[in-house]
Amino acid sequence: MISPDLTNQFLAIVDSARWLDKKEQLFCYAYDAFVEESMPDAVIFPETTEEVSQILALASAHQLPVTARGAGTSVCGAPVPARHGLVICFSQMDRIIEINTKDRYIIVEPGVVNADVQAALAPDKFFFPPDPGSMDMSTIGGNIAQNAGGPRCLKYGVTLDYILGLEVVLASGKIITFGSKNIKDVTGYKLAALFCGSEGTLGLVTRAILKVVPLPETVKTIMATFNDLDDTATAVTDIIGSGILPAAMELMDQLTLNAIEDKAGLGLDRDAAGTLLIEVDGVAEACDKQIRQISQKLHANHAVHIQEAESAADRERLWTARRSAYGVFAKLAPDIISEDVTVPVSRVPEMVRRIIQITDKYKLKVGVLAHAGDGNMHPMIPADKSNAEEWERVMAAFDEIFRAAADLDGTLSGEHGIGLAKAKFLPLVMNQDTINFMKTIKQAVDPDGILNPGKFV
Amino acid sequence: MTAPPIQNCGKCGLCLSVCPVYQVLKQEQASPRARLQLIKAFEKKDLDASPLLKDLVSQCLMCGACKVVCPSGINHYGKFMDMREQLARSLPEPPAIRSLVYLLAKEYRLRMGAGLARFGQRLTPKFLADKYRIGNIPVHRFPTMNAAPFRQTLPDVIPARGIRRGRVIYFVGCATQYLFGDTGQATVDILSHLGYEVVVPKGLTCCGIPMMFHGARDRAALNMAANLTAMADAFDNGPCDAVIVDCTTCGAALKDEYPGLMDTLNRRPDPALSGRLDILPPDIHTRIAGKTRDILSFVHEHQTHLEMRPDLSPNKVIYHAPCHTRNSFNTAGTVTDLLATLPCFDYIPVRDTAACCGGGGTFFYEYPEIAAKMMAGKLCHARDADAQYWLTDCPVCRINLHGSLSEQDRLTVVHPVTLISRGLDA
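These protein sequence lines map, in sequence, to chains A and B.
Here the first sequence is numbered in this note's numbering, starting from 1 and rising by one per residue.
Here the second sequence is numbered in this note's numbering, starting from 1001 and rising by one per residue.
Honestly, the hints are just simulated from the structure, not real lab data.
The reader is advised that the hints may include incorrect statements.
Covered by chain B, according to a simulated footprint, are these stretches of chain A (three or more residues, beta-carbon under 8 angstroms) [said to hold, decoys possible]: (1) 328 to 336; (2) 439 to 445.
In the EDC-like style, the derived pairs of lysine to aspartate or glutamate whose C-alpha atoms are separated by at most 16 angstroms in a straight line are [said to hold, decoys possible]: (3) Lys1026/B / Asp94/A; (4) Lys1040/B / Glu36/A; (5) Lys181/A / Glu98/A; (6) Lys23/A / Asp1055/B; (7) Lys1026/B / Asp116/A; (8) Lys1044/B / Glu37/A; (9) Lys22/A / Asp1046/B; (10) Lys1040/B / Glu37/A; (11) Lys23/A / Asp1048/B; (12) Lys1026/B / Glu36/A; (13) Lys22/A / Asp1055/B; (14) Lys22/A / Asp1048/B; (15) Lys102/A / Asp124/A.
Which chain B residues stay away from chain A? Per the calculated CB distances, all over 12 angstroms, these [said to hold, decoys possible]: (16) Gly1073; (17) Arg1167; (18) Asp1346; (19) Pro1349; (20) Ser1406.
Predicted model, so just to flag it, every value in this text is computed and none were measured.
Note that CB positions come from ideal geometry on N, CA and C, so glycine has one too.
Could you put the whole structure together from the sequences, leaning on the hints where they help?
Below you can see the structure in the form of structure tokens.
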């Protein structure tokens, strides 16, 4: 509960249209795209860094938990206010401050939507590579907090690789800035790496200088099908292992592909046990050469059919298939849970086998989908949360999937983050001293623990 | 075949990227995902019916964009309609909305209302008319009433001209009947020019969508019964190639909402409808639904039979795609293709053709501030395009677009059929 007196102090910072504390409103800030919910006591919408600073200073003085939120599209519960308190929602702090493609950067406020960054850069033929599935609605602040990835991060790298500088408000309300407009900058600690991926537990980003890159002149897309899922996964390992780096390399199993075909009727091969969607980009000649090399590897791994997109529309058709995977799977049961364990690419075939063994054991349906080129698996399990017995099997299966990933030198999450979802599995991939080191940093930066309490650190 | 499972909202948030209200307000409680959350809380009795809850649920254009994009296939539309109905029981709609629903529920009331309004429009002193606004629209920018209700001006059957190619039923909605007779006349002219005999059944009334959206589904069901009864004879007495609508919202009623409402009524019969639905021919609602076509995609399909005057000078036009054209009929692309093809148009694509104007039935009246923000960008781009006509195939969008322009704007808002019919070779 926030006292009327404290409410008035917040209302001295923002106008009443940017302060929500009615039960009906608060219900709408209890969730993200993960399955657990927790209600805040109030929601505030800052528009400037100074307001964020004043809000945090006031929250600190009253030991009020503060959880940052952008568009609420996290899939791990990161913006869910586990300890209630105040949600700071950045959706209205959404100005693009500067576009400078000559110096290859863009400066934005945290509430700018990823797709709006892309749209702003497109006229100059530039882009911002991180492309999470939520890019049409997720905010840059959220992308930074979660260190978001996406299909093309295989070649281009993830959000952290594109942060040149940040302005961050600390729990105390102090404003710090680090990094610069320079591609090279080794002045002091690389603090971006501390805050990017911290899921709002260390500080709140209020401005970001992001590196942008030119759009490639050519994009080529192929789809290959296999009679054997193992061959499919081995082809991935073989291609990446031979030094070819496609922009994206997506794996879909038979169940996923058939579910897509049932819904969308895109003319996909229903008999294929495994399918790879591969995209290369760059200079036309290099693309042609890469496609030839990739095709050889695909054939060597017993691909039965390889088709190259003939036109932009055809390319769109193949990507529509991939993009609709989550949606069609979501319709197979009342609920769906998808995780993103990640393994070194050479272990992809083994990880795929293990996912299937584990879900078989628990008698669950699974769609195996992966940003396979970087080992980022996306097993999706459709189930009914109201069926306690089934839901228990789902949880047990994911428990084993996390263990299997750890066993294969993998990690808990490639791009979704830890949040509420995976905190208890941290010891699988980190020793206690490492966890303690994170706690030490947290303690130093946020001594009262007001920032996103109840999460992984 | 097992029935598909009942889907839960996975809260993925994709609906945020297409919801016109969220895009303007940028606060979660104004999103489709949040409305589903509120409905769930209400059903679980975690929330009581309150004015704020009603406001959050009503702050929605019922445009259906969320339903189209939803990966879980949730029927937002149906859920929102149910919820509006439940809330209306304990929290009545504001008087202006209630009187609208009352008027639309019975054709004779509407006819009388229209007569009075026409009389009123003649009597309202200019200084008053200039001063008052409904929503953001000054009263004098509202359309004037048809001199006579449109259907009264038509014979029951309009014969085909030239080679007879078939027979269609024309569902004339309220807006054409009372406000935009020009749209109706053009639709009839085009259809008969294309070689179709046009049947306008007697006894048509409001499609019922306004009632459905304002929690009066029982009244909407009465209108549905009246309309199905009115069309059944014409539909079964001879081959019917299509049931044509000039308004895609009426079309959505015929195509989607009637079958849905009939299913509901089969499960939970309404005594007030006894003797009204059971007399209908079997499955007439699904057969009519299957034949329902919007006039523009019908023209698109039959454009080879369209003979335009050779001396036509094309009109510079821009287009506003209404929500039901985009989300229920999925024909916005067909319409722009038609505009780009026919010689009567010099079509200028505008960036935000598909962006919502904020009309949304009565939304522009209930939430003028939000509606104004939606319109602001559209107006700028429309003015920049330097066109003669702003075309749209929805009467509410037409009222809203025209009402938001001023006397200085030389931009006339009409249904595309008006310009097509003017270009026909007699």
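Far enough from chain A: is every CB of that chain over 12 angstroms from the CB of Ser1406/B? holds (28 angstroms)
Holds or violated: Lys181/A to Glu98/A, with C-alpha atoms at most 16 angstroms apart: At roughly 11 angstroms apart (the allowed maximum being 16 angstroms), Glu98/A and Lys181/A satisfy the hint.
Compare the distance between the alpha carbons of Lys102/A and Asp124/A with 16 angstroms, and conclude whether the hinted pair is satisfied. Holds, because 10 angstroms separates the two Cα atoms, which is no more than 16 angstroms.
If we take the beta carbon of Gly1073/B, is the closest beta carbon in chain A still more than 12 angstroms away? Gly1073/B is in fact no farther than 12 angstroms from some Cβ atom of chain A, at 5 angstroms.
Do the alpha carbons of Lys23/A and Asp1055/B lie within 16 angstroms of each other, as the hint requires? holds (13 angstroms)
Run the distance test for Lys1040/B versus Glu37/A: straight-line Cα separation, threshold 16 angstroms. holds (13 angstroms)
Restraint status (C-alpha distance of Lys1026/B to Glu36/A at most 16 angstroms): Status violated; Cα separation ~23 angstroms.
Does Lys22/A pair with Asp1055/B here, judged by a C-alpha cut-off of 16 angstroms? Holds - the C-alpha atoms of Asp1055/B and Lys22/A are around 13 angstroms apart, at most 16 angstroms.
Against the 16 angstroms threshold, does the CA-CA distance of Lys1026/B and Asp94/A hold or violate the hint? holds (10 angstroms)
Please check whether the region 439 to 445 of chain A has three or more residues whose CB lies within less than 8 angstroms of a CB on chain B. violated (count 0)
With the threshold set at 16 angstroms, check whether the alpha-carbon distance from Lys23/A to Asp1048/B stays at or below it. This hinted pair holds, its Cα atoms lying about 10 angstroms apart.
Do the alpha carbons of Lys1040/B and Glu36/A lie within 16 angstroms of each other, as the hint requires? Holds, because 15 angstroms separates the two Cα atoms, which is no more than 16 angstroms.
When each numbered hint is compared with the structure, violations occur for hints 2, 12, 16.
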